[in-house]
Amino acid sequence: MHLTQALRVKAREDFEFMSTHDLLRVCNVSTRFLTETGQINAVEDISFTVRDGETFGIVGESGSGKSVTAHTIMGLIESPGRITSGEIWYRDSALADAVGVDESNGAFVNLVELDAETRRALRGPSFGMIFQDPMSSMDPSVTVGEQIAQAVEAQRRASTNPRSVSTRTQQYGLMRFVVDSLIPHCGYVSTESKQRAIELLDMAGIPDPTERAEAYPHEFSGGMLQRAMIAQALAGEPDVLVADEPTTALDVTIQAQILSLLSEIQAETDMSVILITHNLGVIARMCDRVGVMYAGEIVERGSLADIFEDAVHPYTKGLLGSVPDIDTPGARLEPVAGSVPSLVDEEMGERCYFADRCPKAMEACLDPPPEFDADTGTVLEDDTENRHGVKCVLAQRGYDPDASVSISNANSNSDGDIDSDDSKNTSADNTKDIFNPIKNVIKTISSETNANANADADADADADANPSSKTPSGEGEP
Amino acid sequence: MSEDTLVSVENLKKHYTSTKTLPDRLFRRTSPPIKAVDGVSFEITAGKTLGLVGESGCGKSTTGETILALRSPTGGTVKFDGKKIGDLSDTEVKNFRRRTGMVFQDPFASLNPRMTAGQIIREPLSVHDVGTQDEQRDRSKSLLKRVGLSADQYDRYPHEFSGGQQQRIAIARALAVEPDFLVLDEPVSALDVSVQAQILNLLADLQTDFGLAYLFIAHDLSVVRYVSDRVAVMYLGNIAEIGPTEAIFERPQHPYTKALLESVPRARLSESDREITTLEDDVPSPRNPPSGCRFRTRCPVVIPPTDIDIDQTAYREVMDLRERIEAGTLTATDVDSTTSNTADAGTPSQQSMTANSVWPGEISSSLHGDNAVAVKTARAELRDGNRQAAIETLRDRFETVCEHDRPEHSNKTHHSAACHLRH
Chain A
1 MHLTQALRVK
11 AREDFEFMST
21 HDLLRVCNVS
31 TRFLTETGQI
41 NAVEDISFTV
51 RDGETFGIVG
61 ESGSGKSVTA
71 HTIMGLIESP
81 GRITSGEIWY
91 RDSALADAVG
101 VDESNGAFVN
111 LVELDAETRR
121 ALRGPSFGMI
131 FQDPMSSMDP
141 SVTVGEQIAQ
151 AVEAQRRAST
161 NPRSVSTRTQ
171 QYGLMRFVVD
181 SLIPHCGYVS
191 TESKQRAIEL
201 LDMAGIPDPT
211 ERAEAYPHEF
221 SGGMLQRAMI
231 AQALAGEPDV
241 LVADEPTTAL
251 DVTIQAQILS
261 LLSEIQAETD
271 MSVILITHNL
281 GVIARMCDRV
291 GVMYAGEIVE
301 RGSLADIFED
311 AVHPYTKGLL
321 GSVPDIDTPG
331 ARLEPVAGSV
341 PSLVDEEMGE
351 RCYFADRCPK
361 AMEACLDPPP
371 EFDADTGTVL
381 EDDTENRHGV
391 KCVLAQRGYD
401 PDASVSISNA
411 NSNSDGDIDS
421 DDSKNTSADN
431 TKDIFNPIKN
441 VIKTISSETN
451 ANANADADAD
461 ADADANPSSK
471 TPSGEGEP
Chain B
479 MSEDTLVSVE
489 NLKKHYTSTK
499 TLPDRLFRRT
509 SPPIKAVDGV
519 SFEITAGKTL
529 GLVGESGCGK
539 STTGETILAL
549 RSPTGGTVKF
559 DGKKIGDLSD
569 TEVKNFRRRT
579 GMVFQDPFAS
589 LNPRMTAGQI
599 IREPLSVHDV
609 GTQDEQRDRS
619 KSLLKRVGLS
629 ADQYDRYPHE
639 FSGGQQQRIA
649 IARALAVEPD
659 FLVLDEPVSA
669 LDVSVQAQIL
679 NLLADLQTDF
689 GLAYLFIAHD
699 LSVVRYVSDR
709 VAVMYLGNIA
719 EIGPTEAIFE
729 RPQHPYTKAL
739 LESVPRARLS
749 ESDREITTLE
759 DDVPSPRNPP
769 SGCRFRTRCP
779 VVIPPTDIDI
789 DQTAYREVMD
799 LRERIEAGTL
809 TATDVDSTTS
819 NTADAGTPSQ
829 QSMTANSVWP
839 GEISSSLHGD
849 NAVAVKTARA
859 ELRDGNRQAA
869 IETLRDRFET
879 VCEHDRPEHS
889 NKTHHSAACH
899 LRH
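In the order they appear, the protein sequences are chains A and B.
The numbering used here numbers the first residue of the first sequence as 1 and each following residue consecutively.
The numbering used here numbers the first residue of the second sequence as 479 and each following residue consecutively.
One or more of the hints may lead you astray.
[As the list claims (entries may be wrong)] Examples of chain A residues lying across from chain B (beta carbon under 10 Å, computed): (1) Asp97; (2) Ala98; (3) Pro207.
[Stated by the list, open to error] Covered stretches of chain B, going by a simulated chain A footprint (3 or more residues, C-beta under 8 Å): (4) 664-675; (5) 699-706; (6) 736-750; (7) 756-763.
Hints are computed from structural coordinates only; laboratory data are not their basis.
By construction, the Cβ of each residue, glycine as well, lies at the ideal position given by its N, Cα and C atoms.
Sequences are here, hints too, so could you generate the full structure?
Set out below in structure tokens:
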């Protein structure tokens, strides 16, 4: 599919040539989950913008808040989760007129302030989503064609009633449902919708779409089902497509097919894509700009070149150092020691969240870092120009070995509150021995709390990789 | 077989047959077996790593499990240290089990949730009666340290560890009885990248320290390149290509290896401008694998018969068409409807989207002479409901060496690809 590449290059030229209008501005959004075990800061003060027709990538390890970010944008956060602060501005003049915002913001509407019904009305024509596991995202008891036709039908019924502040399937009442169910050939979906579903399947590259539309999800292979899900997401012709790990469950040759398909569709429809993945290769292949997430924060963001060639944050560097290169394998990988921390509020502490794993932690890291402009070293206030932003003091000053601290020591001096548990285990062997008795007590407590924590990262709370001298972590030390 | 060969696998086969139910017996229904592994041969040198790579369902894991005698092979032999596995006596089997070990993909599922880390690591020691209770405890504690955990985590349960730590415990368990050979079945694919790198480094250290041989099963090619001395690429139960890591990655010879390498997205800036040719379609079912070369249904360089003049793209399209007719997915009604579709095919971009649903009208435009005649005849026959005749017509004209001869490996020791293009 060389065509794909040509289309991509063309799309990029168009993109640079054309306007660089922001379509979506996410400003200082925090999403929290209030669970029995405490508040979980799944997404913490993140900001990024998505422009027309571009692909914005979000990369991070599991438990770093990538998927919650996707759900936040889609408006799919449900209790006990809540968007606690921040704004999500979405440019849509029709919607702006409908909800009556003032003109000073251009045509931007703050999605966080909209009521649930309106958010729901936006899903489909404005926001579409592809999920990671195609098998569990489709209804196993309904044929694939029918499911996609339902999505089409929902859009069709809604568009006769132009985007309004009402539920999409409003006209479809109980009476109609009963009649449709009793009388055959009078189902929810019309023949036109079914025809459109077949077209969409064809567009998503499914061979023999007419026959495949009659098949059930279990009769599809993983790659084909992912194509079907893309077709379904395209039913509403969305402006923004949120793809949450779209290729993680797929084999590498199928992954290549799906990525090509996404690029082709994007080049054709000029929609914006928010691509969430843990695979840096996929990011490099697909994205124009990238945000790197760690512990609920976007620790670094910028263009592809900013992240891959000019990374400032030690975590970004560590992530890049963890991936074996297929073309030029190095002697040894240089990963980040430890693993993703817990996101439970009271265990996070007021400091740079990465400091306990960071090979370059300094005294300044004991305060939460603001977002700096990586080029100038100034604090980034209102980022409208899509600068290379990084939440790390290294953007401002060089690494000073004299000021280096092992965060673990600093914490254990402050009479070892629970959040120091993580870090203490990564400390040098001699200190570890001294604190062993205390640590064990603390560990038991924290592991008990964590066993119940309903967060992705629960097990990781006490995820002290506790590196022996042989494991790579030691090498990261200056 | 060279002197330091530890494991030698010769024409190994593992077929799964579905159990027959009463109605099956009554009506004498038989279903073809699933040929998960269908004749693989390779050798593993002591202290070295063989990487086994392939897509899901290609038989990687079955190969690993059959080598360790966790499944009985349908055919072929596995020799460990010169002795054939199937012929071992009971004591020899126990000894074989002591000298081998396995690490599974999902660390949490492979650790007993009701045992502590210490008990888990001690279990193989007590099974094989190694040392006294105290010695066993000391040994498990030192193993915990060796894999990068601390001895005071001895009494903790698997759920209290993170994924990476659980995998460390599984590795410690496999090392407990000082094996010579480990089968690592996707040991890092369930882990995050930074943790994955830690485990890979750990495995490399352990190999140097204990002189372990690994069979490293993975689907991630960059990981395989990083850990392996030799690599075998599997496709549908066969080994498509085997050779030294360097040779496989720098000079791949099998079209499947090439396609696989090309599909891996590289984590670097130039990636977005790298042109790749993606393989079409999915892996065929191992229940009914293609005849001859297993890869021929997706192969971009399938070999046309020598006596006809046809360009490669057109030939690939003809072969796809043949498969669809033979599989019965292209029927008389399709021929009619696709013909009418071509008339109002819409925008060119739409056509490109549907490029993989080949229709006879398009193919014949890129063919000429006798080739075009054969396709047209077949199409007419199909339209008249004579599917068998259409199949025959196309086969007579376009039958390839790839479909009636199974390619053999040229030699068993060095770099070898099972592809007709090599001969």
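Here is how each hint holds up against the structure:
no.: 1; hint: Asp97; verdict: 32 Å, violated
no.: 2; hint: Ala98; verdict: 32 Å, violated
no.: 3; hint: Pro207; verdict: 4 Å, holds
no.: 4; hint: 664-675; verdict: holds (count 6)
no.: 5; hint: 699-706; verdict: holds (count 5)
no.: 6; hint: 736-750; verdict: holds (count 13)
no.: 7; hint: 756-763; verdict: holds (count 6)
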